[in-house]
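*Asks:* Use these hints to put chain W onto chain V, whose structure you have.
There are 2 protein chains.
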Amino acid sequence: MDKWYEKSGADGDVVISTRIRLARNLSEFPFPCKLQKKGADAVINLVKEAVLSSNSQLSSNNFKYIDTQKLDKITLISLVEKHLLSPDFVSDKIEKSLILSENESISIMINEEDHVRLQVMSQGFDLEKTFEIADSLDSLLDEKLSFAFDDKLGYLTQCPTNLGTGMRASLMLHLPGLKQSGVMEKVSANLLKLGLTMRGIYGEGSEPQADMYQLSNQVTLGLSEKTTINNLKDIAKQIILQERTVRSEMAKHIETIDFIHRAIGVLKNARLISTNEFMKLISAVRLGVALGEIKGVSLDTINFLMIEAQPAMLSKFANKDLTAIEKEQKRADLIREIL
Amino acid sequence: MDKWYEKSGADGDVVISTRIRLARNLSEFPFPCKLQKKGADAVINLVKEAVLSSNSQLSSNNFKYIDTQKLDKITLISLVEKHLLSPDFVSDKIEKSLILSENESISIMINEEDHVRLQVMSQGFDLEKTFEIADSLDSLLDEKLSFAFDDKLGYLTQCPTNLGTGMRASLMLHLPGLKQSGVMEKVSANLLKLGLTMRGIYGEGSEPQADMYQLSNQVTLGLSEKTTINNLKDIAKQIILQERTVRSEMAKHIETIDFIHRAIGVLKNARLISTNEFMKLISAVRLGVALGEIKGVSLDTINFLMIEAQPAMLSKFANKDLTAIEKEQKRADLIREIL
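Going line by line, the protein sequences match chains V and W.
Letter 85 of the first sequence, counting from 1, is numbered 709 in this note's numbering, and no numbers are missing.
Letter 1 of the second sequence, counting from 1, is numbered 625 in this note's numbering, and no numbers are missing.
For the record, the hints were derived by calculation from the structure and aren't laboratory data.
The hints are all genuine.
Which copy is meant is left open, so a pair is good if it fits within one copy or across any two.
The calculated lysine to aspartate or glutamate pairs, modelled on DMTMM-like cross-linking and capped at a C-alpha distance of 20 Å, are:
1) Lys876 / Glu950
2) Lys904 / Asp882
3) Lys919 / Glu961
4) Lys954 / Asp882
5) Lys954 / Glu879
6) Lys768 / Asp665
7) Lys954 / Glu917
8) Lys940 / Glu728
9) Lys876 / Asp957
10) Lys861 / Glu809
11) Lys919 / Asp637
12) Lys892 / Asp882
13) Lys940 / Glu950
14) Lys672 / Asp766
15) Lys892 / Glu961
16) Lys944 / Asp696
17) Lys892 / Glu917
18) Lys850 / Glu752
All values reported here derive from a predicted model rather than from experimental measurement.
Chain V on its own, in the form it takes in the complex:
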């Protein structure tokens, strides 16, 4: 267990992880949507060389290049489940590649929506440090690659919503309290006015699973990275506080306590569990651990399980394509083993 997602961090009761993503493009190539095979290969080679030759300066990361064309579908989907690849990356057809740090906290997608999508993830609530890592890696690449940059607009990106900083700073939040109290829609609406959005865990358009929400900046133009991060941080602090308040209120009700203990009871005993049911139960257990109702299970364990019990991860672990019922069985076995 030495992957970034196998731990919990600051404010881990509510904040699962912090993510900084930078979108960059090489000035001498058209955007990926207009790129031919030859150009795509050239972009891959340039970025790959720039990153791997920076390895000495980023020795702790020990990057490895992954030729995603050669990966089978299960492995690709398992990388999506770990948030190392975007769902679009898997479905699109153009030549792409992925560079991953050893602990999987840094991923660089090549030829996704932009030529370079640099992503850094950390456990818990840790925007500054996560940005610092992304920023220093960006600086190193900037020395070796010619990024498309406009003095007035900032970094040029395929989609105008990323124009400017090209940065998306996100926090993965566990909000069972706000969800259950029915205020999520109101919270989301208010966030939009503040230039932030709240989405499901696999990004834009995805449904919230297990009461997990991704809070991120919407605006990339006209604000510095520092301002954006401070803004996100301040608002996240308020949401965390609200969530905790609702939780303490919920904890006074025997129905909540019952709900939590039933969830751990089923997870520890079931022999078949679907992804959907798992996500609902693990959310209840996470709440139970955060409230101190469930002892002997750590947030680390839960974060780990939430990744490892995903469908493609199970298939990858079993080293074969599993049927639906086999997946449910493997998932239940894994959960019982871990809990």
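*Replies:* Just chain W now, kept in the frame of chain V:
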């Protein structure tokens, strides 16, 4: 724990208990439905005296007389939950009484449907011994009381369905296999042709709970007690065999195993459990114990819980009238403590 229902007996995987009930009336009084207060009191006194004066000959039973008029409603209902009183006994208005043996295996209701309803219960599948106890007690009472008896018809009872032997021999069966395989209706229909009936656990008209069924003789006229019991015994053996066959088949399916383990998981962890949910879950757990899937829980424990977790028993134990949610909470607490 020294009550009869706190143990399991022969063929305890399927047969929870054996019951023999004899209906008798005193020849010099009208049937209870036509009885006035004075007559009812006289019947109570005569039967009470006959039983209590037999205590020396039945020393192991140590009977005690219970003036049911003086019992509060909760205590009365808890006696129904233990099958020591019939639901009718509680709802009717005429003067009644109850005589109970110390371990509660023998109960004598006075002025229920008949003047005397003598009932003996044993754990597991044990028709002969249970009948023997009932028969010897009947003989003792017969010496002291003048039972209404017709040489041609046999014992006279208020309801003609009891005429003759006045005996109802019953087995309480746990039949989750036959129930789930959807053959119960067919089985019941066939039993009728054989002079037997299959009913819910609180007798005629009651719904089957927790896959529990009461198998008993329907015919009391024209057959001796011995023939009736042998008939019931032979057919019960076949049903037990069928149930076991279906269970072994079910046990091959991961869905059954999952269902069983989820049930124990919820029972061991929930903080609120309704009677209805409890009965469903305990049935699954009973099946799991019988199949050897659940270790560390005995059939004795389950039999005990099935009585103790009933609503009035919980109120009686708490020594006050509990609200619905308090009952659910007390039930869950008791279950966690026992399991």
